[in-house]
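Chemist: I would like the entire structure built from these sequences, with the hints used as guidance.
Taken in sequence, the protein lines are chains A and B. The opening position of the first sequence corresponds to residue 1 in my numbering, with each subsequent residue numbered one higher. The opening position of the second sequence corresponds to residue 1001 in my numbering, with each subsequent residue numbered one higher.
A couple of the hints might just be wrong.
[Unchecked claim] Calculated lysine-lysine pairs in the DSS-like style (CA-CA distance at most 25 Å, straight line):
{"hint": "1", "chain 1": "A", "residue 1": "9", "chain 2": "A", "residue 2": "32"}
{"hint": "2", "chain 1": "B", "residue 1": "1078", "chain 2": "B", "residue 2": "1060"}
{"hint": "3", "chain 1": "B", "residue 1": "1008", "chain 2": "A", "residue 2": "119"}
{"hint": "4", "chain 1": "B", "residue 1": "1008", "chain 2": "A", "residue 2": "120"}
{"hint": "5", "chain 1": "B", "residue 1": "1008", "chain 2": "A", "residue 2": "32"}
By construction, these hints were calculated from the structure, which means they are not laboratory data.
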Amino acid sequence: MELIKDINKKILDWFDERYDARGWIRENLTEKWVHKEINWLYCFGGLSFLGFLLQIGTGVFLMMYYIPTPKDALVSVQNIANNIPFGWLFQRLHSIGANAVNLLVMFHMLRVLYHGAYKKPRELQWVSGAFLLLITMAMSFTGYLLPWTQLSYWGATIGTEMPGAAPIVGEWLVHLIRGGAQITGVTLTRFYAVHVVVLPLTLVGFLGLHFIMIRMVGISRPL
Amino acid sequence: MAKKKKEKYEKGAVPFIPVHILKEAAAAYIFLGILIPLSILYPFEAMEPANPFVTPEHIKPEWYFLAAYQILRLVPSKALGLTVQAIIIFAIILLPFWDRGPERPFRKRPLYAAIAILSVAAYIALTVWGMYS
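Modeler: Set out below in structure tokens:
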């Protein structure tokens, strides 16, 4: 025991000399204070984050077996659901979990809305949160096309039509999103790349900002 | 900006760890306790492969897009519908910059409370309307 304590102390000392480890632990873990009245309503932000982590975990697993071509997309999803060990669970968790994340993010926003918690000095926490909602929805939209079913194909057709109504750039935008006049295999790989790389990275960036600002200012006081 | 000291909290402070983190952990268990059974109760169903030549009769977006979809269907011009949506999105993003009053409780700012409650009610109503139309 003495030996272990000694080693622990040496390791901590090593980090202390360079990165003020004990100060960091005190400030962020052992002596990080929150308002006494903080209640269960304050859990939705953390739950949204958990939901997002779950989407990453299950999503990486799905990526290992999913094939983003019109011919193989649905076949590969069916293969995940029917043949791969526990594939059905990961597939279900990912697709039902997407609904859960949207719901949790909305509950989190409702709590903040009700408490007026976005007021000075927390304006930018709200702005970054609003972007997180938009990114979550974009993730849901791009992910919905990937199984390449009738529902996802025509859902994406209607969804991508919308920007076409914008003046001047409308047509060009639709063409950019679809990679052509119609939804094709080009759209599928495009949505796939956006769904698994572009949006998650953007989301992580906004999450980082969101968390850092919350840490700096502190959690708002309940009413 | 300096971190808030314990004495600065009006009604007292509790340590984030373990007090709040335990609540979060319990909530996480409840969340997983709902999500995992749902994943088992609603198994993967055989789905129709995409067919670009056959448009299905009833096509609806996922529930979280239904309100936006319903707005597009209600507004006669597509460009106008898109403008309405853009205004709503910007209003949400910039909320802290147009609701600038210092008061936070709902009952102390009736106008804001009315707008907030009506907006949420409208979102739910449009979603339900979209589901059944």
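Chemist: Taking the hints in turn, state whether each one holds.
Modeler: Here is how each hint holds up against the structure:
| no. | hint | verdict |
| --- | --- | --- |
| 1 | A:9 - A:32 | holds, 22 Å |
| 2 | B:1078 - B:1060 | holds, 18 Å |
| 3 | B:1008 - A:119 | holds, 19 Å |
| 4 | B:1008 - A:120 | holds, 18 Å |
| 5 | B:1008 - A:32 | holds, 13 Å |
The structure fails none of the hints (numbered hints given earlier).
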